[in-house]
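Participant: Protein chains in written order, with the numbering used here: chain Z, 1 to 114; chain B, 1 to 117.
No incorrect hints appear here.
Restraint ranges, calculated between C-beta atoms of paired labels, are given here:
hint : chain 1 : residue 1 : chain 2 : residue 2 : range
1    : Z       : Gly53     : B       : Asp55     : 27 to 37 Å
2    : B       : Ser31     : Z       : Ser51     : 19 to 29 Å
3    : Z       : Lys14     : B       : Asp26     : 34 to 44 Å
4    : B       : Thr20     : Z       : Thr54     : 32 to 42 Å
5    : B       : Glu56     : Z       : Lys14     : 52 to 62 Å
6    : Z       : Ser18     : B       : Pro9      : 34 to 44 Å
7    : Z       : Asp26     : B       : Thr5      : 32 to 42 Å
8    : Z       : Ser67     : B       : Leu84     : 37 to 47 Å
9    : Z       : Asp56     : B       : Thr5      : 24 to 34 Å
10   : Z       : Lys14     : B       : Gln30     : 47 to 57 Å
11   : Z       : Thr54     : B       : His116    : 46 to 56 Å
These stretches of chain Z come out as covered by chain B in the derived footprint (C-beta under 8 Å, 3 or more residues):
hint : stretch
12   : 41-47
13   : 85-99
Which chain Z residues stay away from chain B? Per the calculated CB distances, all over 10 Å, these:
hint : residue
14   : Asn28
15   : Asn62
16   : Ser67
Simulated from the structure, these hints should not be mistaken for laboratory data.
Computed from a prediction, not measured in an experiment: that's the story for all the values here.
Built from N, CA and C at the ideal position, the CB exists for glycine as well.
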Amino acid sequence: NAGVTQTPKFQVLKTGQSMTLQCAQDMNHNSMYWYRQDPGMGLRLIYYSASEGTTDKGEVPNGYNVSRLNKREFSLRLESAAPSQTSVYFCASDPGTEANQPQHFGDGTRLSIL
Amino acid sequence: AQKITQTQPGMFVQEKEAVTLDCTYDTSDQSYGLFWYKQPSSGEMIFLIYQGSYDEQNATEGRYSLNFQKARKSANLVISASQLGDSAMYFCAMREGYGGGYNKLIFGAGTRLAVHP
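Chain Z extracted, bound-state conformation (with noise of 0.2 Å):
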């Protein structure tokens, strides 16, 4: 039962390292997603895949990349970390057949840029 894989659970870096979040389904969904949660505010989409070869931008793509590296696996990656990228980040899936399907969430990364 092990859903939608984040690692790591958490992370501390300094202004200006790189870090690559992962994450991994096992659910066979063609979609996936990274968002970004700060404090008093709901999540914000960051990029999504609607399928393996495929990446488009969200609401908040700048300072990330992302790679979707099979159907499984969709990575985020800060290049070089600021201060205001300090959140709680989610990797989310989902079938991506129907409208009403919803998405399956990973327990997030809290991720701290000093």
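Please build the complex by placing chain B on the supplied structure of chain Z, with the hints as guidance.
Facilitator: Positioned in the frame of chain Z, the structure of chain B alone reads:
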């Protein structure tokens, strides 16, 4: 631009009573969907209920129901017979349109619900 508004930052309810969490949305699209998620203090996001814009009946899932008023652009979550475990943050989210096999969700800021014994 699409937008979700949750006007209640915090709510409390007595155990076993019903509570309504408000959600209003703004969209110019005729086809859209509304989702409610629960986020306990442990942090995970748990899907609760879905309502499509063309659904004629209000959605229900166990103790959760959605009071969907299309003309008012509201999709309020009703939790009946509240339990202590219902204490959490609740998010309303909207999908505008559908195509290409993905759901781009816009989330509201959330409502924190506290259930008192």
